Amino acid sequence: MSEQRVTRRTVLGGTAAAAVGFAGCSGGGGTASGESGSTDEPTGTATSGGSTDAVEEYLSDVDNYDGIVDETGASEVTVTVGAEANGGNFGFGPAAIRVSMGTKVVWKWNGLGSTHNVVAEDGSFESKLVAEDGHTFSRTFEEPGTVEYYCTPHKTMGMKGVVVVE
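Here UniProt numbering is used: the first residue of the sequence shown is 1, the next is one more, and so on.
Quick caveat, the hints were computed from the structure, so don't treat them as lab data.
The structure displayed is predicted, hence computed values, not measured ones.
Each residue gets a CB set at the ideal place from its N, CA and C atoms; glycine is no exception.
Incorrect hints may have been included.
[Unchecked claim] The calculated lysine to aspartate or glutamate pairs, modelled on EDC-like cross-linking and capped at a C-alpha distance of 16 Å, are: (1) 155 - 63; (2) 108 - 133; (3) 108 - 132; (4) 104 - 71; (5) 104 - 166; (6) 155 - 57; (7) 108 - 126; (8) 104 - 142; (9) 155 - 126; (10) 155 - 61.
[Said to hold, decoys possible] The following label-pair restraints were derived from C-beta to C-beta distances: (11) 156 - 73: 30 to 36 Å; (12) 72 - 121: 20 to 26 Å; (13) 53 - 153: 17 to 23 Å.
Could you put the whole structure together from the sequences, leaning on the hints where they help?
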């Protein structure tokens with residue numbers, strides 16, 4: 001007979017899934033608006049749901065993913081574009097974040113790993129391909145949901161990320 005271990009990750013996963021489930025019941029999908037330090041000005045949508053299992057599955061090939069970083073309560077959160085991951089500077093750092101509604105997420109290029117972009121899986125936003133250190137692309141998430149995103153040239157290498165909005 002096999003013995004199941006209850007780990008901190010399992011407990012946090014169950015808690016996060018329940019929280020996201022309640023958030024999904026309260027509002028469905030919504031739109032997210034964005035600003036940018038450049039001419040990138042997309043509009044986008046956060047999708048309902050976002051269980052921890054779904055996040056873990058999406059990020060299963062991302063070697064710098066170590067759970068969802070809780071940034072709830074912060075008015076602005078920065079994600080590094082070109083973070084060390086996946087055999088070079090081919091990651092988002094952190095790979096997954098949890099934010100409150102109204103939080104501005106700023107993706108900031110570090111100039112490493114060649115050109116990168118930030119593209120929503122659902123097609124709701126897409127930044128330009130850029131290699132310039134200090135370039136930024138930002139979104140303010142106004143509705144609860146989950147946004148999966150990636151870098152087009154490095155997606156197959158595992159350059160993907162997730163924003164969970166509560």
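Hints, verified against the model:
1. 155 - 63: Measuring from Cα to Cα gives roughly 13 Å; hence the hint holds.
2. 108 - 133: holds, 8 Å
3. 108 - 132: holds, 10 Å
4. 104 - 71: Holds: residue 104 and residue 71 sit about 11 Å apart, inside 16 Å.
5. 104 - 166: holds, 13 Å
6. 155 - 57: With Cα atoms ~14 Å apart, residue 155 and residue 57 stay inside 16 Å; holds.
7. 108 - 126: Since the Cα atoms of residue 108 and residue 126 sit roughly 14 Å apart, the hinted pair holds (cutoff 16 Å).
8. 104 - 142: Answer holds: residue 104 to residue 142 is near 9 Å, not above 16 Å.
9. 155 - 126: Holds, at roughly 14 Å.
10. 155 - 61: holds, 10 Å
11. 156 - 73: 30 to 36 Å: Hint holds: Cβ distance 35 Å, inside 30 to 36 Å.
12. 72 - 121: 20 to 26 Å: For residue 72 and residue 121 the Cβ distance comes to about 22 Å; the hint holds.
13. 53 - 153: 17 to 23 Å: Because 28 Å falls outside the window, the suggested range is violated.
Hint compliance for this structure: hint 13 alone is broken.
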